[in-house]
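Novice: Residues per chain, in single letters:
2 protein chains.
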Amino acid sequence: MEQSLLNSFSEKYKELLEQQLRTSVNEMNAPSIIKEAMLYSLEAGGKRIRPLLLFATVDAFGEQAEKGLMTAAAVEMIHTYSLIHDDLPSMDNDDLRRGRPTNHKVYGDAFAILAGDALLTYGFQLITDSKNVDAETKIRLIRELAIAAGAEGMVGGQVADMNGENQVLSLEELEYIHNHKTGKLLAFCAVAGAILSGASDEVIEKFRAFALHLGLAFQIRDDILDLEGQEEKLGKPVGSDEHNHKSTYPALLTMDGAKHTLEKEIEAAKAMLKATGVNTRLLEELTDLVATRDH
Amino acid sequence: MEQSLLNSFSEKYKELLEQQLRTSVNEMNAPSIIKEAMLYSLEAGGKRIRPLLLFATVDAFGEQAEKGLMTAAAVEMIHTYSLIHDDLPSMDNDDLRRGRPTNHKVYGDAFAILAGDALLTYGFQLITDSKNVDAETKIRLIRELAIAAGAEGMVGGQVADMNGENQVLSLEELEYIHNHKTGKLLAFCAVAGAILSGASDEVIEKFRAFALHLGLAFQIRDDILDLEGQEEKLGKPVGSDEHNHKSTYPALLTMDGAKHTLEKEIEAAKAMLKATGVNTRLLEELTDLVATRDH
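Those sequence lines, one after another, are chains A and B.
Each residue of the first sequence is one higher than the last, beginning at 0 in numbering that gives the first Met the number 0.
Each residue of the second sequence is one higher than the last, beginning at 0 in numbering that gives the first Met the number 0.
Hints are computed from structural coordinates only; laboratory data are not their basis.
Small disclaimer: the values here were computed from a predicted structure and weren't measured.
Fair warning: there could be bad hints in the mix.
Below, computed lysine to aspartate or glutamate pairings styled on EDC-like, alpha-carbon distance capped at 16 Å [unchecked claim]:
id : chain 1 : residue 1 : chain 2 : residue 2
1  : A       : Lys46     : A       : Asp287
2  : A       : Lys46     : A       : Asp293
3  : A       : Lys130    : B       : Glu135
4  : B       : Lys245    : B       : Glu135
5  : B       : Lys11     : B       : Glu65
6  : B       : Lys130    : A       : Glu135
Next comes chain A alone, as it looks inside the complex:
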């Protein structure tokens, strides 16, 4: 019964989010090719875990999750821009994402770069359009998002990841990469949900810590799945990290060690949730989902 609560919540807000993404891009007064390239990657699906994390955090405070809609759309646009740029030939050089050709394979490198630039820029604009959110709160959200997405966050993580290619990394270096490349944007989602709900700074920081643990758990699970997962569920060959000489948790800690660390991160995430003092049932479910997901 618990599981179905998150399911129906996810379905409702995923739908709302995807509608907002489409509407926002469609109403732009811009060359059609760039709108098409933006939508191609926005509509590639995916778990929409960042928006859901944000919505579920707002819900935890008993607020209407809709309040987070524009910020959730902003995060998804910025996440999508990062995938488009990361897939480029000069970066990770990926031809496929979620079983479809990557953006630059369809629109060419130049328009893929520009579609990414446009999504990043539009993300910030969307937050300014939030309904029922005061200007002080919007500024706080924009500032947090810029830090999470820029050189001190996601971009810095991608830089460290590229610098570390074909090297054996220490556990500390691996955590730096994950915390920056994916952790900080995930943390932004929980932080934004708490800010939008008027939480105190102390509670906001608990949500940040929760989401950073969740982010690491997500990455460790990713590494485990890459070795133990089923190819058809993953949508990519099993063992591709090893093939690509990527540092992983199982490689550094052994498979048992990685599973143990995953458990510890999940426990720490849940302890932080408990400490927030609000109704985090959906977020606990989301955390369990991350720990046990098979794709």
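Place chain B on chain A using the hints.
Specialist: Using the frame of chain A, we list chain B on its own:
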């Protein structure tokens, strides 16, 4: 004597701006290679015409131009990101800019893309850091900047420019490209200066119209210089537009027609300045400078 007024104003605020750019990047907690790549292009010099336009607009209202510092730094970062991405091999494929190797020639394509992404992101963050500016005003600035820089503005202009390559464009198409690729970000600078000074919507729109005329004048002068300028002052070969099959004003209107249109744009820009009703002496000088510059 008039000329020296703009000169001393320019010198003072160029210095202040460049100091802010350096400080902002240096204080980031990010991998050193990305900070270095960001600074490499930020410190490549240039006329800093966008920041100066913003500072001079604030000055026109009798306000302290310093009030515009963070917004001016934001615009310069976003302008710089656009140059880095436009120079990439998959875009304009330029090896040199202002006589120095382009960013990707020094740091490689991947870090050049990431340095651009980081500058764009940081631009929005900087506005949130403005001193003595209320949250409502910051939100308005961020919204205007995102529209000017994104798919409805600069990115859209670059898309149209790439779509129009090797084609004979109509005057209307050429104006669309210039208005979007450079005009809207210039217009943002004048608009931002007016917003920061508490101008009425009516006056703000006069500043926008002024800067759009100034932007077209700037481009027409560029096209004329490409044919009549002196190579050593331009820092690129004379006639390179023709060589690159670029549509230009002289090609569409004849050289005399282009010069006539330049005059008309300058007149229109000055008429708009007069209509604002504030002390636009510095901006008039700046406009004359655009009309007569030799590089």
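Novice: Could you work out which of the previously given hints the structure breaks and list their numbers from low to high?
Specialist: 4
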